[in-house]
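**Student:** Top to bottom, those sequences are chains A and B. Oh and the first sequence: position 441 is 441 in our numbering, straight run, nothing missing. Oh and the second sequence: position 95 is 95 in our numbering, straight run, nothing missing.
To be clear, the hints were calculated from the coordinates, so they are not data collected in a lab. One or more of the hints may lead you astray.
[As the list claims (entries may be wrong)] No more than 35 Å apart at the CA atoms, straight line, and that leaves these computed lysine-lysine pairs for DSBU-like:
| id | chain 1 | residue 1 | chain 2 | residue 2 |
| --- | --- | --- | --- | --- |
| 1 | A | Lys148 | B | Lys85 |
| 2 | A | Lys100 | B | Lys51 |
| 3 | A | Lys62 | B | Lys85 |
[What the hints assert, rightly or not] Rough simulated footprint, nothing fancy, chain B against chain A, three-plus residues with beta-carbon under 8 Å:
| id | region |
| --- | --- |
| 4 | 124-134 |
| 5 | 382-394 |
[Said to hold, decoys possible] Just the calculated beta-carbon pair ranges, DEER-fashion:
| id | chain 1 | residue 1 | chain 2 | residue 2 | range |
| --- | --- | --- | --- | --- | --- |
| 6 | B | His6 | A | Lys62 | 29 to 35 Å |
| 7 | A | Gly403 | B | Arg86 | 50 to 56 Å |
| 8 | B | Leu10 | A | Phe491 | 36 to 42 Å |
Please read these numbers as outputs of a predicted model, since none were measured by experiment. Even glycine gets a Cβ: it sits at the ideal position worked out from N, Cα and C.
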Amino acid sequence: MIALGCIALGAVLLMLLSAMPKVRMEHCSLFAFVTLLIGLILTLTSFGELFTFFPLPKFFHKMLIVDSYSVYFDAIILSGALVTSLIGTHYFQTKRHFKKEFFSLFLFSVFGMMLLVHASELLSAFIALEIASLSLYVMIGFQKVHDKRVEASFQYLVLGSLAGIFFLLGSAFVYAGLGTTILGEMGNRLDTLMGKDVSLVIIGATLILVTFLFKISAFPFQNWTIDVYDGSSLPVSAFMAATFKVAIFGFILRLMLVDFDPIRDTWDTLFIVVIIATLLYGSFLAIIQKSLKRMLAASSIVHTGYLLIAFVSIGYAGESAASSIIYYLVAYFLSAMGAFGLISYIAADEHVRVTYEDFRGFAHVHPYMAAMLSVFMLSLAGIPSTIGFVGKFYIFTGAIEAGYTFLAVCGVVATFVSVYYYFKLIALMYFYPACDSDWKDVPSLKGITPLTIGLIALAIIWGGIGNTFIAYFPGVDFLIDTARLSYMSLFIK
Amino acid sequence: MIGLTHYLVLTGILFSIGLVGVMRRTNLLMLFFSTEILLNAVNIGFVAVSKFYGDLSGQMFAFFIIAVAASEVAVGLGLLILWYKRNGSVDLNSLQMMKG
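Required output: the full structure, derived from the provided sequences and hints.
**Tutor:** Quick look at the structure:
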């Protein structure tokens with residue numbers, strides 16, 4: 001909770017500071033970094049403990065909640081934002097179109113995401129969602145010299161606000177059906193109504209799910225993803241891919257597990273169709289892309305599919321499925337952040353293009369970058385000894401445990417297909433002679449950005465191998481245990 | 001006697017009008033108008049339900065929706081001006097450079 005206040009305060013202060021002519025962009029970047037670091041440290045102090053309470057009940061009534069669950073998500077979101085700001089350092093310095101206010105918006109968006117996982121009312125969830133989205137709309141369109149940026153921003157704004165309206169209509173229905181919008185109480189009312197007609201609540205909850213499916217770019221609502229990710233600048237797309245999805249999942253899991261538990265079976269069939277379509281269509285989109293950035297965007301749709309497999313198995317294997325979602329979110333966040341970050345570093349110069357063909361023979365010129373990129377691709381594909389494998393392993397075992405063997409098979413097949421588009425890059429980098437691309441413009445490995453990316457690559461491998469090498473060091477088991485703990489904290493009365 | 005049902009039907013009608021507007025209109029300004037209609041439809045629903053239950057949280061919801069709608073349009077109109085300066089058009093069809 002203090003972390004939340006710290007980020008909000010930092011955002012407001014930074015907004016005021018950026019109006020001063022003396023303050024330069026480097027200062028703003030540093031300020032944002034320090035604020036995020038303080039927030040993360042404050043969050044980590046209560047990480048791994050089991051607790052739940054309503055902060056300042058006199059002011060907020062029951063609109064916000066602080067528990068182990070939200071702290072876990074806070075930690076993911078804050079470390080995502082921290083890594084973004086580190087990775088972006090180089091990018092923001094080379095591209096002069098960014099202004100000081102950008103970092104203030106960045107902090108506001110982080111604040112919105114954190115508020116979303118703390119939300120204990122549909123109203124506060126909506127406000128949090130809008131804070132996060134509105135800042136993101138502006139962040140995407142910030143480099144207004146490019147038509148592409150403005151267009152991506154427009155597309156996201158129009159579709160995103162429409163999705164927000166569906167959330168509101170859904171809340172109106174739920175409110176009409178239950179007479180309250182406080183999480184927890186909604187569940188209690190629903191329990192007393194069981195056996196009677198709850199169709200109004202079901203319609204409302206379905207509309208809320210529509211917003212959720214839109215924001216995580218699941219099947220019928222996936223078209224915006226590639227355009228928006230492609231249109232926004234690389235650090236921003238990394239930030240969106242890695243953290244926004246985490247925050248949305250954080251809220252919707254709470255809603256589904258705590259409140260709509262009695263009526264969750266209603267959507268089982270719907271979800272199965274959505275999952276299969278998402279996996280199929282996402283894989284198809286990823287295969288046909290030529291640009292690396294668009295491929296990563298398309299593959300994020302496939303990863304949404306995997307996450308939804310765990311989401312649907314919650315009904316039958318609650319604890320392991322919920323903690324596998326949380327764990328997979330960490331795994332995906334690390335791999336996607338690394339991949340996007342490294343590409344943003346490579347493509348910091350306008351001339352460098354990042355299609356598959358441009359990476360022909362890349363390993364012979366820049367062996368270390370190629371090695372790091374390979375690690376990220378291996379992890380995204382879910383090859384053993386990377387964190388991506390462990391994440392997928394938990395999801396598929398959870399699905400089988402819950403009796404959805406068919407879905408697990410679908411997921412495995414999608415993984416096989418994904419090997420094609422991830423390994424194509426590795427093969428091009430290593431098994432072809434170097435082409436005469438403009439590799440001169442690729443910056444050498446210097447400064448904080450490559451160091452961060454290297455650390456992410458190490459973290460991915462360490463997360464996959466586990467703590468067999470380094471004794472007494474928190475490893476995969478620690479993360480998954482904490483995920484279980486945070487799941488438990490949802491049900492403390 | 002006008003009851004809750006009537007208000008909810010009004011909500012439904014307004015929402016459909018807004019939804020058709022969002023889907024059919026190509027003028028971006030009209031698109032934002034349609035979004036406003038959608039939001040206000042939801043507002044009516046919230047306030048009606050709030051009155052029905054005698055519970056104030058629905059009206060609070062409506063106030064916040066008005067505030068959020070205003071900020072959303074502020075961002076939208078800013079982008080619209082940016083786009084108009086560049087392309088001299090506020091038509092949705094001028095936006096289709098990127099192909100999904």
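**Student:** If you check each hint against the structure, which ones fail?
**Tutor:** Failing hints, ascending: 2, 3, 5.
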